[in-house]
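Enquirer: All chains, please: the whole structure from these sequences, using the hints.
Residue numbers (our numbering), protein chains in the order written: chain A, 1 to 464; chain B, 1001 to 1236.
Don't read these hints as lab results, they were simulated from the structure. Take these hints with a grain of salt, some might be off.
[What the hints assert, rightly or not] Computed cross-link-like contacts, BS3-like style, restricted to lysine-lysine with a CA-CA straight-line distance of at most 30 Å:
hint	chain 1	residue 1	chain 2	residue 2
1	B	K1179	A	K432
2	A	K398	B	K1101
3	A	K432	B	K1224
4	A	K402	B	K1179
5	B	K1101	A	K374
6	B	K1179	A	K398
7	B	K1226	A	K432
8	A	K374	B	K1106
9	B	K1179	A	K374
[To be verified] Simulated restraints on C-beta separations:
hint	chain 1	residue 1	chain 2	residue 2	range
10	A	P179	B	G1158	45 to 53 Å
11	B	K1117	A	K419	30 to 38 Å
12	B	K1117	A	E89	55 to 63 Å
13	B	E1201	A	F43	36 to 44 Å
Nothing here was measured: the structure is a model prediction, and the numbers come from that model. By construction, the Cβ of each residue, glycine as well, lies at the ideal position given by its N, Cα and C atoms.
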Amino acid sequence: MSAPVQQFKSQADVVSRDLRHREFIQTALNNYAVVRDKNRNAFRNYPAARQAAAETKWEAIHHLDRHLEQLATRLEARGTHVHWASTGEQARDIILDIIRRKNARSIIKSKAMTSEEIHLNEALEREGFEVVESDLGEFIVQLRKETPYHIVFPAMHLRRGEIRDLFNRELNSGSTEDPEELTMVARRVLRQKYIQADIGFTGANFAIAETGMISITENEGNARLTAALPKTMVTLLGIEKVLPRLEDLALFLPLLATSGTGQPLTCYNTLYGGPRRPAEPDGPEEYHVVLLDNRRTQILADPEQRDALHCIRCGACLNVCPIFRNVGGHTYGTTYSGPIGSVITPHLRGLQEWKHLSYSSSLCGACTETCPVKIDLAHHLLQNRRNATQQKPSWPWKIGFKLMNFVFKRPALYWFVPKLGRIGQALHPIVKGTRLDPAYAWTRSRETPRIARQTFREWWRGRG
Amino acid sequence: MTVTLFIPCFVDLLYPQVGISMVRILEKLGHKVDFPEQLTCCGQPAFNSGCWDEARGLAEPVLTRLRNADVVVIASGSCGAMLKVFYPQLFAGTHHESAAKALSAKCYEFSDFLVTKLGVTDVGASFPAKVTYHDGCHGLRELHIKDAPRALLSRVRGLELVEMQEEVCCGFGGTFAVKFPMISTAMGEVKCSQALATGAEYIVSSDSSCLMHVQGLIDRQGLKLKTIHLAEVLAS
Chain A
1 MSAPVQQFKS
11 QADVVSRDLR
21 HREFIQTALN
31 NYAVVRDKNR
41 NAFRNYPAAR
51 QAAAETKWEA
61 IHHLDRHLEQ
71 LATRLEARGT
81 HVHWASTGEQ
91 ARDIILDIIR
101 RKNARSIIKS
111 KAMTSEEIHL
121 NEALEREGFE
131 VVESDLGEFI
141 VQLRKETPYH
151 IVFPAMHLRR
161 GEIRDLFNRE
171 LNSGSTEDPE
181 ELTMVARRVL
191 RQKYIQADIG
201 FTGANFAIAE
211 TGMISITENE
221 GNARLTAALP
231 KTMVTLLGIE
241 KVLPRLEDLA
251 LFLPLLATSG
261 TGQPLTCYNT
271 LYGGPRRPAE
281 PDGPEEYHVV
291 LLDNRRTQIL
301 ADPEQRDALH
311 CIRCGACLNV
321 CPIFRNVGGH
331 TYGTTYSGPI
341 GSVITPHLRG
351 LQEWKHLSYS
361 SSLCGACTET
371 CPVKIDLAHH
381 LLQNRRNATQ
391 QKPSWPWKIG
401 FKLMNFVFKR
411 PALYWFVPKL
421 GRIGQALHPI
431 VKGTRLDPAY
441 AWTRSRETPR
451 IARQTFREWW
461 RGRG
Chain B
1001 MTVTLFIPCF
1011 VDLLYPQVGI
1021 SMVRILEKLG
1031 HKVDFPEQLT
1041 CCGQPAFNSG
1051 CWDEARGLAE
1061 PVLTRLRNAD
1071 VVVIASGSCG
1081 AMLKVFYPQL
1091 FAGTHHESAA
1101 KALSAKCYEF
1111 SDFLVTKLGV
1121 TDVGASFPAK
1131 VTYHDGCHGL
1141 RELHIKDAPR
1151 ALLSRVRGLE
1161 LVEMQEEVCC
1171 GFGGTFAVKF
1181 PMISTAMGEV
1191 KCSQALATGA
1201 EYIVSSDSSC
1211 LMHVQGLIDR
1221 QGLKLKTIHL
1231 AEVLAS
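Expert: Structural data, given as structure tokens:
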């Protein structure tokens, strides 16, 4: 077994048995489900909205080349520098180069999963720059030197007491665990950082090809401060974030808010098009947009799974996924966890090394059912399994199934199955529950069903 | 009409009463039942494991044998989804593609067959107990069956149906249950606790495979719950 699968299995074994974690996550996500459903019902016709969103993303992705060129041209017309990065390494180099040219020391960041994807913070810190996350959840996990637990709720795994202890240890905040007071502690720290920062770094929720604009949606106003105060602004986004028209936001902003946090709309929705223009009172003097591929074009090249690029990173599939709810976000060991992560990580980081995520699913389909842009997630997990097996067969399973076929296709041999099964079950108690038990994976936590005294076939024949 | 019954391997070997109940109900409703004895497994374990060649090996005889059937009733939502939804995917681009599509069109899960095809909701059953219904995920989200089993249960004398908090997977998932046993077990525990919270005596389902997993947990943990297949309730 390679390292990621071992790490996943051992951590999943621990977290899935952690009853405090189970209770906590279930409660949080059940509360989310209530507001999500309330706001989905507030759409005049939610199924039609979902269908329209899927079709708009289909259009955006199937003409990605055209939309990206349009986006870049319009952005450049306003004086924005547009950079194209094929890999994470290229994106890091582009961003480092901007920072060095500006003689910058410190960078303030708003939430960007793409920056997690390319491990930007580590790269910048390694070069001696100060990087501060300004989204409250991201700020908390950064202080804990952790990765985000969830793509929308980075610190949802932490309880008040843990944040109190963390803030007290790192920021001398005392013993308060009042959420408002804790937020004010973070705010006092962050306000200074915005003023000191040389570079404001953001992600993006959407990019509008028609007008050449970057759309950022948030609840804390931190992205606005990140964009408005430092002299230089850098935005990193995946190429799949593009939408054809400005009016598409009328659908996508409420859809993202509803699926993401269960809000009708997030508090701050802003469009950025370029650097500060003459007579404008605020905004950056220089604006850079970095468009990241990082193997997204591999997904684009796969007609079966191309719709995985529809993803708007709302996290709805994580929230309903019983695997995510039981193993938690960190167990995946990936930037994108939950069903969408299990689908795309094998494309982004290698099928053989990450195929276990596609197998770690009961294929319940709750993800497909909830996805606001209708990505066929559960079936993509099946396709990843097929592709992985075609590329590199798992011989024990393949031989097992071949043997099963040999027996199950021959009534004369199948006749022996219940007979041998009954003998096997009579002998089973000798090894049951021990490591010698061939059914240990089952009997470790469950009792086995009994082979019937009379099978259906035996009964049917007996009827004559 | 003649109803061709597809009995999955685990129903044959472990839960024959489910198949027997279906035969009795269908015959009571005046239909002739045909059971193709040479068909044992739909191939779903291999399919879900990514071994599509091996899955086709088991699925081809199913296509051939069921070619002339009028209607096929499958004694499991999961195997039903395999025949109805996944065979057309499995055989896409092969010379069996049209046969797979033709079979798909005449396949029904048992409860769906009674309610949608036959228009029957009252089969004259009596089962005086408080029960909750577990939707097997393939029946619910691949076949989109939600109302049919509830319509049938609502006409069972003495039966009180109480719903669980949410439609969540029981954690069986075929080979998933042994590849990731602890995740599967945790999911089963969540299911059991939701069923217990309803105060029901029984978890009823249209999938014996889900119930095998849940009953295995109930027995190991000594929970005050029982499991029973919908067909057995309807045959009472």
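Enquirer: For every hint, state whether the structure bears it out.
Expert: We went through each hint and held it up to the structure:
This hinted pair checks out: K1179 (chain B) and K432 (chain A) have alpha carbons roughly 18 Å apart, not beyond 30 Å. Pair hint K398 (chain A) plus K1101 (chain B) holds up; C-alpha atoms about 27 Å apart against a cutoff of 30 Å. At roughly 24 Å between alpha-carbon atoms, K432 (chain A) and K1224 (chain B) fall within 30 Å of each other, so this suggested pair holds. For the proposed pair K402 (chain A) and K1179 (chain B), the alpha carbon gap of about 19 Å is at most 30 Å, so the pair holds.
The hinted pair formed by K1101 (chain B) and K374 (chain A) meets the criterion: a straight-line CA distance of about 23 Å does not exceed 30 Å. The suggested pairing of K1179 (chain B) with K398 (chain A) holds, with an alpha-carbon distance near 15 Å, which does not exceed 30 Å. Distance restraint check for K1226 (chain B) and K432 (chain A): the Cα-Cα separation of roughly 23 Å lies within the 30 Å cut-off, and the hinted pair is therefore satisfied. The straight-line distance between the Cα atoms of K374 (chain A) and K1106 (chain B) is roughly 27 Å, inside the 30 Å bound, and the hint therefore holds.
At roughly 28 Å between alpha-carbon atoms, K1179 (chain B) and K374 (chain A) fall within 30 Å of each other, so this suggested pair holds. For the pair P179 (chain A) and G1158 (chain B), the beta carbons lie near 50 Å from each other, so the given range of 45 to 53 Å is met. Roughly 37 Å separates the CB atoms of K1117 (chain B) and K419 (chain A), a value that falls within the hinted 30 to 38 Å. At about 59 Å, the beta-carbon gap between K1117 (chain B) and E89 (chain A) stays in the expected band of 55 to 63 Å.
Take E1201 (chain B) and F43 (chain A): their Cβ atoms lie about 40 Å apart, and the range 36 to 44 Å holds.
In this structure, every one of the numbered hints holds.
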